[in-house]
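Spelled out from the first residue to the last, the chains are:
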Amino acid sequence: AQKITQTQPGMFVQEKEAVTLDCTYDTSDQSYGLFWYKQPSSGEMIFLIYQGSYDEQNATEGRYSLNFQKARKSANLVISASQLGDSAMYFCAMREETGANSKLTFGKGITLSVRP
Amino acid sequence: NAGVTQTPKFRILKIGQSMTLQCAQDMNHNYMYWYRQDPGMGLKLIYYSVGAGITDKGEVPNGYNVSRSTTEDFPLRLELAAPSQTSVYFCASSNRPGGAGYTFGSGTRLTVV
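Those protein sequence lines, which keep their order, are chains A and B.
Take our numbering: the final residue in the first sequence is number 116, and no numbers are missing along the way.
Take our numbering: the final residue in the second sequence is number 1113, and no numbers are missing along the way.
These are computed hints drawn from the structure, not numbers from a lab.
C-beta: ideal position from N, C-alpha, C; glycine also.
Just so you know, not all the hints are guaranteed correct.
[As the list claims (entries may be wrong)] Once the Cα atoms are required to be at most 30 angstroms apart in a straight line, the calculated DSSO-like pairs of lysine-lysine come out as:
(1) B:K1044 - B:K1057
(2) A:K16 - A:K108
(3) B:K1014 - B:K1057
(4) A:K3 - A:K108
(5) B:K1009 - B:K1057
(6) A:K16 - A:K73
(7) A:K3 - B:K1057
(8) A:K73 - B:K1044
(9) A:K16 - A:K70
(10) A:K70 - A:K3
(11) B:K1009 - B:K1044
(12) A:K73 - A:K108
(13) A:K70 - B:K1044
(14) B:K1044 - B:K1014
(15) B:K1044 - A:K108
(16) A:K108 - B:K1014
(17) A:K73 - A:K3
(18) B:K1014 - A:K3
(19) A:K108 - A:K70
(20) A:K73 - B:K1057
(21) A:K108 - B:K1057
(22) B:K1044 - A:K3
[Unchecked claim] Examples of chain B residues toward chain A, derived with CB under 7 angstroms:
(23) M1041
(24) G1042
(25) L1045
(26) Y1048
(27) V1050
(28) P1097
(29) F1104
(30) S1106
(31) G1107
(32) L1110
Start from the sequences and build out the full structure, keeping to the hints where you can.
Below is the structure:
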């Protein structure tokens, strides 16, 4: 079974509007972390936001917020006031385990296109 | 501040050839990782290291080898290149295991023909 599921087809949003990118995850661990990364067309991976499984409040970083619904095992990324530079591939990732062997597992990604 | 440096950026290999993808970080991070990204897909972990002298297999290690003789360097070796290894390879490092935000290199685009 996939650990990270991102099933949306390519997403489109009008500039200055908000958009939600979906992510569901599967784990039996109690302690885990959820991450979102952005990959623009240039190819680099840019860390956006992190949510720990024990964090009671949703993470926010500037225009990015993570809608964390633990019971539903979802960790959706919300981008407010979209900008043309937000056009990119977005990856959800999960860290399971604690200790030295913990590592990130990535979803397949979602392509976001921002229309002027 | 260099962060994570990967070389080369692009490479074309013939089937059966060997090469080493270089990765170096200057942040004194203990944890380093190699991922591959196939077209339109997410990243899959090849190998990782939790410190100098310690390496372990990830999800897709077949056809690859790594070494970690220093904290700074984590090279990835392809011994007998196959077309299935055509991919973009990313190296990442972290000061914590699976930490809140890896630092990624800019990637190496490898084509095997």
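Verification of the hints:
Between B:K1044 and B:K1057 the CA atoms are separated by roughly 11 angstroms; this keeps the pair inside 30 angstroms, and the hint holds. With a C-alpha separation of about 26 angstroms, the suggested pair A:K16 and A:K108 falls inside the 30 angstroms cut-off, and the hint holds. The suggested pairing of B:K1014 with B:K1057 holds, with an alpha-carbon distance near 25 angstroms, which does not exceed 30 angstroms. Restraint check for A:K3 and A:K108: satisfied, since their Cα atoms lie roughly 11 angstroms apart, inside the 30 angstroms limit.
Our distance criterion of 30 angstroms between C-alpha atoms is met by B:K1009 and B:K1057, whose separation comes to about 24 angstroms. Between A:K16 and A:K73 the alpha-carbon distance is near 29 angstroms, which keeps this suggested pair within the 30 angstroms criterion. With a CA separation close to 18 angstroms, the supplied pair A:K3 and B:K1057 stays within the 30 angstroms bound. A threshold of 30 angstroms between alpha carbons decides the hint, and for A:K73 with B:K1044 the separation of about 21 angstroms falls inside it, so the pair holds.
Restraint check for A:K16 and A:K70: the C-alpha separation of about 29 angstroms stays at or below 30 angstroms, so the hint holds. With a CA separation close to 15 angstroms, the supplied pair A:K70 and A:K3 stays within the 30 angstroms bound. Taking the CA atoms of B:K1009 and B:K1044, the gap is near 19 angstroms; set against the 30 angstroms cutoff, the hint holds. Our distance criterion of 30 angstroms between C-alpha atoms is met by A:K73 and A:K108, whose separation comes to about 17 angstroms.
For the hint linking A:K70 to B:K1044, the alpha-carbon distance of about 25 angstroms falls within 30 angstroms, and the restraint holds. Proposed proximity of B:K1044 and B:K1014 is supported: the alpha carbons are some 23 angstroms apart, at most 30 angstroms. For the proposed pair B:K1044 and A:K108, the alpha carbon gap of about 10 angstroms is at most 30 angstroms, so the pair holds. Among the hinted pairs, A:K108 with B:K1014 is consistent with the structure: their alpha-carbon atoms are about 28 angstroms apart, no more than 30 angstroms.
Among the hinted pairs, A:K73 with A:K3 is consistent with the structure: their alpha-carbon atoms are about 11 angstroms apart, no more than 30 angstroms. For the hint linking B:K1014 to A:K3, the alpha-carbon distance of about 34 angstroms lies beyond 30 angstroms, and the restraint is violated. The suggested pairing of A:K108 with A:K70 holds, with an alpha-carbon distance near 21 angstroms, which does not exceed 30 angstroms. The straight-line distance between the Cα atoms of A:K73 and B:K1057 is roughly 27 angstroms, inside the 30 angstroms bound, and the hint therefore holds.
At most 30 angstroms may separate the alpha-carbon atoms for a hinted pair to count; A:K108 and B:K1057 meet this at roughly 21 angstroms. This hinted pair checks out: B:K1044 and A:K3 have alpha carbons roughly 12 angstroms apart, not beyond 30 angstroms. Taking 7 angstroms as the C-beta cut-off, the interface hint given for B:M1041 holds, the closest approach to chain A being about 6 angstroms. Hint status for B:G1042 relative to chain A: holds, with the closest Cβ pair at about 4 angstroms, below 7 angstroms.
With its C-beta approaching chain A no nearer than about 6 angstroms, B:L1045 sits inside the 7 angstroms limit, and its interface hint holds. Contact between B:Y1048 and chain A, as hinted, is supported at the beta carbon level, the nearest pair being about 6 angstroms apart and thus within 7 angstroms. At its closest, the beta carbon of B:V1050 sits 4 angstroms from a beta carbon of chain A; the interface hint therefore holds under the 7 angstroms criterion. Taking 7 angstroms as the C-beta cut-off, the interface hint given for B:P1097 holds, the closest approach to chain A being about 4 angstroms.
Taking 7 angstroms as the C-beta cut-off, the interface hint given for B:F1104 holds, the closest approach to chain A being about 4 angstroms. Contact between B:S1106 and chain A, as hinted, is supported at the beta carbon level, the nearest pair being about 5 angstroms apart and thus within 7 angstroms. Among the interface hints, the one on B:G1107 holds; its C-beta lies about 5 angstroms from the nearest C-beta in chain A, closer than the 7 angstroms criterion. Hint status for B:L1110 relative to chain A: violated, with the closest Cβ pair at about 13 angstroms, above 7 angstroms.
Violated hints for the displayed structure, listed by number in ascending order: 18, 32.
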